[in-house]
Amino acid sequence: MANASEFRAPSSLPPSLGRAILESARAYPDRRALWARGETLTYRELIERAGGMALLLGENSIGPDDRVAILSERTTTLYAAIIAALINGSAYVPLNPRFPPQRNWQILESSGARALICSESQRTMLDEIGGNLPDLDVIILPESGVRSSSGVRQMLATDLARADIGTRFNCEVAPGELAYLLFTSGTTGVPKGVPISNANVLAYLRGIRSVCNVGPEDGFLQIADLTFDMSVHDLFLAWTSGASLSSAPENATLLSSRFVTEHELTCWFSVPSAAALIGQAGLLDPGCMPSLRYTFFCGEALTGAVAEAWAAAAPNSAIINLYGPTEATVAVGGFRYEPGQAEPPAVVSLGHPFPEQVMALFDSGGDPAKDGPGEICLSGSQVASGYWQSPELTAERFFEAQGRRWYRTGDLGRFVDGEGFSYVGRADRQIKIRGYRMELQEVEAAVRKVTGCALAAVLPWPVTESGSALGCVAFVVGQDVADTTPEQCRELLPDYAVPSRILAIREMPLNDNGKVDYRALADRTASLLEDSSCESTDRVKRGVLEARIWTAS
Amino acid sequence: MAAGTWDRQVMSSCSGAGESRTEILERINRIVVDILGSPDIAMSEETTARDVGGWDSLSHVQILLSVENAFGIRLNATEIAQMENAGSLIDLVQKHVAADGERV
Chain V
250 MANASEFRAP SSLPPSLGRA ILESARAYPD RRALWARGET LTYRELIERA GGMALLLGEN
310 SIGPDDRVAI LSERTTTLYA AIIAALINGS AYVPLNPRFP PQRNWQILES SGARALICSE
370 SQRTMLDEIG GNLPDLDVII LPESGVRSSS GVRQMLATDL ARADIGTRFN CEVAPGELAY
430 LLFTSGTTGV PKGVPISNAN VLAYLRGIRS VCNVGPEDGF LQIADLTFDM SVHDLFLAWT
490 SGASLSSAPE NATLLSSRFV TEHELTCWFS VPSAAALIGQ AGLLDPGCMP SLRYTFFCGE
550 ALTGAVAEAW AAAAPNSAII NLYGPTEATV AVGGFRYEPG QAEPPAVVSL GHPFPEQVMA
610 LFDSGGDPAK DGPGEICLSG SQVASGYWQS PELTAERFFE AQGRRWYRTG DLGRFVDGEG
670 FSYVGRADRQ IKIRGYRMEL QEVEAAVRKV TGCALAAVLP WPVTESGSAL GCVAFVVGQD
730 VADTTPEQCR ELLPDYAVPS RILAIREMPL NDNGKVDYRA LADRTASLLE DSSCESTDRV
790 KRGVLEARIW TAS
Chain U
30 MAAGTWDRQV MSSCSGAGES RTEILERINR IVVDILGSPD IAMSEETTAR DVGGWDSLSH
90 VQILLSVENA FGIRLNATEI AQMENAGSLI DLVQKHVAAD GERV
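Protein chains in written order, with the working numbering: chain V, 250 to 802; chain U, 30 to 133.
Fair warning: there could be bad hints in the mix.
Derived SDA-like pairs: lysine to any residue, alpha-carbon spacing no greater than 20 Å straight-line [unchecked claim]:
#1 LYS124(U) - LEU87(U)
#2 LYS619(V) - GLN651(V)
#3 LYS764(V) - ARG663(V)
#4 LYS124(U) - ARG286(V)
#5 LYS124(U) - GLY287(V)
#6 LYS619(V) - ARG663(V)
These stretches of chain U come out as covered by chain V in the derived footprint (C-beta under 8 Å, 3 or more residues) [claimed, not checked]:
#7 67 to 76
#8 114 to 124
Keep in mind that the hints were calculated from the coordinates and are not lab data.
Every value quoted in this text rests on a predicted model; they were computed, and no experiment measured them.
C-beta: ideal position from N, C-alpha, C; glycine also.
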């Protein structure tokens, strides 16, 4: 077994996340790397599993400039497949078994992926692949012994190559530029791709390491779906540190505090909504998670109340509020919360950027706005090169100023000495639904499609004190629309974005510009919802009901 | 998959483990109906969360916690992660109830 120091990458090699993972794996081959659905793998075993798929990709001419799509539920196969793409020097494109099939196909097509790695449980989806994926050259079914009916060339479990932790993989020689391609909500109704490079991710890892010190003794909880870049933090901070990763059981996010204690995990990363819901469920007792050392929150406003409740539940944990969009690789900076304050803030500050990143405020004219309020714009080594194959969208959000390249976040903010940046609101109609990013226009496009109505307006509903939405409701003008049509939206939208109600109203309030007056609609939403009749379970009021159900059981 | 088959006669002679699979399923069904607020739900051993309207990740945890409460058991992460359908849940209930019975 070769010396770990032999694998230290000379700085002349191009950046590669795959190589960074291999270095860590080779330094700690017998340490636990992964727990997923009851199965445990050491680093040696994980690289063997990934390596078999990586070599197969290479043998099928999948190279550094290619994307590898991955469709699997949360098992060791999913995580091994991601590493397989990376150590082959390719970029991975995660699909999501919880997305409606149409959304997965949209992502698959937009990505131009030439390879798809698919688990056995998801294979029924393959039968629907017709000729409309011209880029797809090979499907790898690492768990299967039988081919699907798709016409695309397929590799089965028996075709997997033999690899081990000492094998020389493509990423060590010639990695591609990209590490992954993730898709976020788009205002046109079609998800837009965000390509993140190996250099971007390695820059994030340097940045996050400026606020935490993790190593092989740490155990990371992995909550976020792989289609959200919060998972990038979980996977790659763990696997480049020799630490272990424990994948939270599917559909049981609320049991994560129990999971942390059961597995003695040390690192947590989630949206604040998860913490709030766990608290509401009565699963956040003081001192219940003594093993946690680091808690990171990101993705929506963190209230002082949630931060204090968390501090009591995890008394040995640093609590860090991170800030940043997918377009700047997970997060570009943060604020370390000091618990035990007599008067906790309503909302926790966003803090300061990591050493290599830049945050600044710009006014609507595109000029620097000093301390604000202004739009938060980001610059530095974590910022993506643009949107995937969309020069127009890229031109809308990326710009040059002061000799730097910037990304406009659409978040409005202020800057205060000491505390740093704080969030003031949005400049557009992007919202967070339980922490998930969504453009209201995308939901409106789906509602128009499903109802056949020309005019649809979607509002976040209900909205919590911190500004986060628990869901949304839609209003359409047109003929009477049955209450069952929200379910049809499930074929187009992820479940958190499906409106709980679609209400037909006689007239849409318009402002002086002839556009929908969303404020007037928002004012009337409560009464409109109560007025309309509904026989099926009223999910709009679910937020309130939930609290009661928890105390009753 | 999970814990194998259970001999019904053996089960009924263990103290604290007298319930048949059907009885356990009925109790689970009542819990699910209660939490989802839908009286029409009639589960079989093959029923999965996907088959039942409104059974999302929030209700999934509520249901698991209620089942733990109702039968006096505690499920671990592996069991929760590997659960496939109502039958799996019945297996786990029997397994945990039997284990507690043996300790007595």
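Starting from LYS764(V), check that the Cα of ARG663(V) is at most 20 Å away, please. Since the Cα atoms of LYS764(V) and ARG663(V) sit roughly 29 Å apart, the hinted pair is violated (cutoff 20 Å).
Has the given pair, LYS124(U) with GLY287(V), been kept, meaning a C-alpha gap of at most 20 Å? Holds. LYS124(U) to GLY287(V) sits at ~17 Å (cutoff 20 Å).
With a cut-off of 20 Å on the C-alpha distance, tell me whether LYS619(V) and ARG663(V) pass. Status holds; Cα separation ~9 Å.
Are LYS124(U) and LEU87(U) close enough, with their CA atoms no more than 20 Å apart? violated, 25 Å
Cut-off 8 Å, C-beta pairs, minimum 3 residues; does the coverage of the stretch 67 to 76 of chain U by chain V stand? violated (count 1)
With the threshold set at 20 Å, check whether the alpha-carbon distance from LYS619(V) to GLN651(V) stays at or below it. holds, 14 Å
Given the hint that LYS124(U) pairs with ARG286(V), test it: the Cα-Cα distance must not exceed 20 Å. holds, 19 Å
Report holds or violated for chain V covering the stretch 114 to 124 of chain U, Cβ cut-off 8 Å, minimum 3 residues. violated (count 0)
Hints 1, 3, 7 and 8 from the earlier list are contradicted by this structure; the remaining hints agree with it.
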